[in-house]
Structure formats: C-alpha cells, structure tokens
Amino acid sequence: MLCTGPTRRHQRGAGRSGGTPPMKTILVTGGSGVLGRALLPALEGRADVRVLSRHADSRPAFRPGDLQTGAGLAEALRGVDTVIHAASQPSRPQADIEMTGVLLAAAREAGVRHVVYVSIVGCDRVQAFPYYRAKTHSEALVAAGGVPFTVVRATQFHEFVAFMLSRLTRVPLLPLPGLPLQPVDVHAAAAQIAQVALDAPQGRAADLVGPQVLALPELARSWADATGARTRVLPVPAARRFTPLTRPDLGGVGRTWAQWLAQEAARPNPYAG
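If you use the numbering used here, the sequence shown closes out at 1182, no skipped numbers anywhere.
Because the hints were derived from the structure by calculation, they are not lab data. In this text the structure is predicted, and so the values were computed from the model without any measurement. Note that CB positions come from ideal geometry on N, CA and C, so glycine has one too. Do not rely on the hints blindly, as some may be mistaken.
[Claimed, not checked] Pairwise CB distance ranges (calculated):
hint, residue 1, residue 2, range
1, D1134, M932, 44 to 50 Å
2, G1087, M932, 31 to 37 Å
3, Y1180, L949, 38 to 44 Å
4, Q1172, A983, 27 to 33 Å
5, A965, D1108, 17 to 23 Å
6, P1146, A965, 49 to 55 Å
7, L1143, Q1036, 26 to 32 Å
8, G1137, A1014, 30 to 36 Å
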C-alpha cells in the first residue's frame, strides 16, 4: 500500500554527517489511556516523547491540545516526526472519526512524517457495532490523509476483557455466546506499536494478537475462578459474524490470558476509572 506524504518536511538534523542520527520526536494521543500509559515506557530512551492532553499538566512531556476543536495542535505538533494516534471515543463513534480528521489536518500542515493509527482486528468485517464502523472509517481517513501512515490493528487487551467480565459475572447465571476472542497483553502490544512508530511508514502493519484463541465462556469461567465470582456460565451458540475478531493464523505476543490473570486479576482495572 502506497502512502502519500506531506509537501513540507522538517529540517531538524539537516546537514549532519556521520554519528548517531537524532532521536525522533513522537507525539502520543490518548496518553492517559490504557494503551497510552503502556506506550510511554515502551518509547522511553528511544524517542523524544510528547503526550497530547486536553487538560493542564505541568509535566515536561505533556502538550496541551484539543482533538475536537484543534486548539493547540499546531504548537503541540511543532517539530514532531511521528504521531501515534491512540486516543479513542468508544461511546461517541462519530466524535472518534472527527478527532481523527482534525488530527490529520493538523499533522499534514505541521509536516509530520508518519502517523501511526491504532485500530481493531476485524473492525472492517464486524459492522454491527458503531464503534467498529468508526474505526474502519478512520482507517480510510488516515489512508487518504496526505501523511505517510501505518495502520496497526490489535485484538482486545486483557484489561478490557477482564473489565467486561467483571460486569457480566455479577449475576448468578450467565448465558454467554461461544464468541472466540484472542486477547493480547497491552504491554506487549505497546512494544510492537512503539517499534512501528520508530520504523518507516508501511501502510499496514501486522495485526497484534494474543497467543491463544479462547471462547468467551471459557474466559468467563477462568475469570470467575481467579476472582471468586459466584456465577454459573451457560454457553450458547455464537453468531458467525464475530469470528473476524481473531487471527489464529498469526503468532501471538505477550502473556497468555491465564498468565495475566495470575499476575493482574486482583489489581484495580484501569477501565474501571
């Protein structure tokens, strides 16, 4: 897939000969989210990292900017080589699309050399969910945005699956479809996304998946066992349209679900706020 680039380029580092090339400057959107918090240590020491924030923050790496209005983006993007767009609005899909468009326009104007867009495995084949439709739409915006790009899709993070199950397992009897999922360790995914951001734009990167495909009832039972939730899981047939959420043909990265449960299940879930 070919990626068209901006007409304006950075001049930082021009004229240097030999020696170590300068670190890239990378701006992360969604830096306070689950993925964003994992990306920052994955990039530490490998890039000059900035974090876009709508709220005032005195930490040196943070830059004020609003993806909804565009306020502050020009300054936040000044001198930036690469943007990792990890911000999302699952409860407001249209806003998710609009924020991507606002960011792309500002990145193009600033001469950004690479936009990395984090999406979801199978989003283009599961259009029953408005948020998945929004991710598919945003992927198309990124591809046509006039900035060299890489789209990297990931399956659901262990933390998200655990948060979902913590809500579902509050009832004594839980009917669940045999929906196959392939949850991935967010820290392993962040390490791969960080490398994508450090590399040249490639249009579409390999999907990021966990090492195991597990049916939702199996995930729920193991969650209940690990946390002491008193619920009986009743498997029911799954709709075929959900099968694209997995990529069993790919080698997975990071901890298995069982390993994650053993180490993390008792800790506060970041999706719980």
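### Earlier hints that do not hold, by number
2, 3, 4, 5 and 8
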